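Chains as they are written, first to last, in the numbering used here: chain A, 16 to 476; chain B, 6 to 160.
Some clues are possibly wrong.
Result set (DMTMM-like, lysine to aspartate or glutamate): computed pairs, CA atoms no more than 25 Å apart in a straight line [unchecked claim]:
1. A/K451 - B/E156
2. B/K17 - B/E146
3. B/K17 - A/D254
4. A/K265 - B/D120
By construction, these hints were calculated from the structure, which means they are not laboratory data.
Small disclaimer: the values here were computed from a predicted structure and weren't measured.
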Amino acid sequence: MTTTAHVTTVRRKPLMNMRQILLMNLGFFGIQYSFGMQQTAVNPIFAFLHASPDELPILNLAGPITGLLIQPLIGALSDRTWSPRWGRRKPFFLIGALGCSVCLFLFPFAAAIWMAVLLLWLLDASNNTAMEPYRAFIADKLPPSQLAKGFLAQSFFTGFGITLANLSLFVFQKFITGGTEAGIPYWVLGSFMLGAVCSIGTVLVSVLSTPEIPPTEAEIAALREKKGGFGTAVREIWDAIVEMPPELRKLALVYLFQWYAMVCYWQYVSLSVAKSVWHTEDTASPEFAKAVGWTGLINGWYNIVTFSVAFSLVALARRRGAKFVHMACLVCAAAGLLVFPHLTNQYLLFVPIIGLGIAWASIMGVPYIMAVRMIPSTRYGVYMGIINMMIVVPMLIQTLTFGGIYSTVLGDDPNNAITFAGILLVCAAAAMAWIKEPPIVRDVDSVLAMPKSPEPREVTS
Amino acid sequence: MTANIILVIERKFDNPRPVLFRAWTAPEEMASWRGSPGWHVERETVSSDLRLGGRHHHVKVRDDDPAVRVTTDAVFTEFFDPDVFVARQRITGDDGIDPDLPLELRVEFLETGRDGTLVRIIQGPYDETVAYEHSQGWERELTRLQDYLAEGGRA
């Protein structure tokens, strides 16, 4: 048999303590705060600038398009980057964070819709530039036994960042009055300014406190051989898709169901709450406005659940395996969403949505624990980008298909849309069962004793 | 001395996973290639009970000085052919390794491309002063494995 010579990749990874892991991931808080602002505050700005409601989907096109194109490209480029001074992943999330800060700073000063749209494209591109190299950074830096802690720390900061972004809007609205000439209130401006500071500030703390692991000489030589521009990066993405490990392909199916479901939830939860609790479908009614406000609280609550449970999932993933934990979390969310549309008491809604908060913590962390065990470490960046495509493509499919499903199969009923999301999460859990995770011994006590030499006479030193 | 470095070594092979798993675990095969250049495994010392909780034993000897012997005793804490095995090891006779502190060796065999296998070795914790030397040892050992497989494998 002929054998091709392949480069050996060697990494020496120091075990990190909890403080170091949190510092390393602090920048993710800033990035997610920025995402939180994008999710919650950008559309109101469009509205303040007199965009009509039917224009909102097209104005938000930046999200899926930049996610689809920029993340894998940046991932592939970062795999082929090494600078002794700047590192491999850090230049990307530093540039991304800087872009986020500048865009967040400028956003409230937009005087016309075209300016706000341009800033949204730039903000989303910056967020995407920062996000996936950050996931690859965790995989590069932590030894396998600590990956769960690393990814779930990111999940913790996701919940925390988005919650604080929403909270800042809520708090500033109470205390800040007045607005810009273009009609944007100062309380919105305050939240954006805070976001601009958080974004670059937290990333700087992470960058300065956490050195990257330098590649070996053999790896640097291989990187030099690979050098090339945009075309090479595109070719690399294509090769990575063709060579994708079968288990990662199965993860794509899980992602299809879970992200389709999440988008259904986000799009229809307000309408569902309005119908089941306030018994209205009239979006111009005051009851509907109450439902929208209440939904904000519900979404804030599930994000609080997310950052509260993220670290508990670490221990569970270690003991039971990442696959089992993700399945269980998806089932919790499914159960919650199946109950949610049947509740008529506004306070009771906070109970089933706990399931979604738990699943959200898992969605943002646990699949990555499995994914990095399926791919070579030299290609973490490009595969993290491809995993992001697995998120964005279902979102695009949902955008294209769900309108028809909603009006034909679901009878234009938002409560049915939430039920549909619950069923899709059950499908995601079932698809997860198909993935073969490298097994974890559950009962190790009987085999963990220090091995003893059966023939001590052979032991010499 | 603080042992807190985990080594992660990866190499792609153009062989299917069962071939590599066998080369790593079957006593007669691993005795044919294990050990860095300048060392060899003493065939008669290799014993492996290939199952969860099974014990493994081998002695590596310096080619030019048979008095220098490094003994590995291990228990398989995971054993899933051809995906992964994990062994909790006690290594005696190596100046850089404390025989009273167990090491964990995890070897994963991942399908990559059409017929390729990515072998990922995770071992530690090592003291920082000896981690570099041991990572170089693994690099050389994997080249030896590649040569062994190129020659047809199976002892």
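The hints, checked one at a time:
1. A/K451 - B/E156: Not OK: A/K451 and B/E156 at ~32 Å, beyond 25 Å, violated.
2. B/K17 - B/E146: holds, 14 Å
3. B/K17 - A/D254: holds, 16 Å
4. A/K265 - B/D120: This hinted pair holds, its Cα atoms lying about 19 Å apart.
Hint compliance for this structure: hint 1 is the single one not met.
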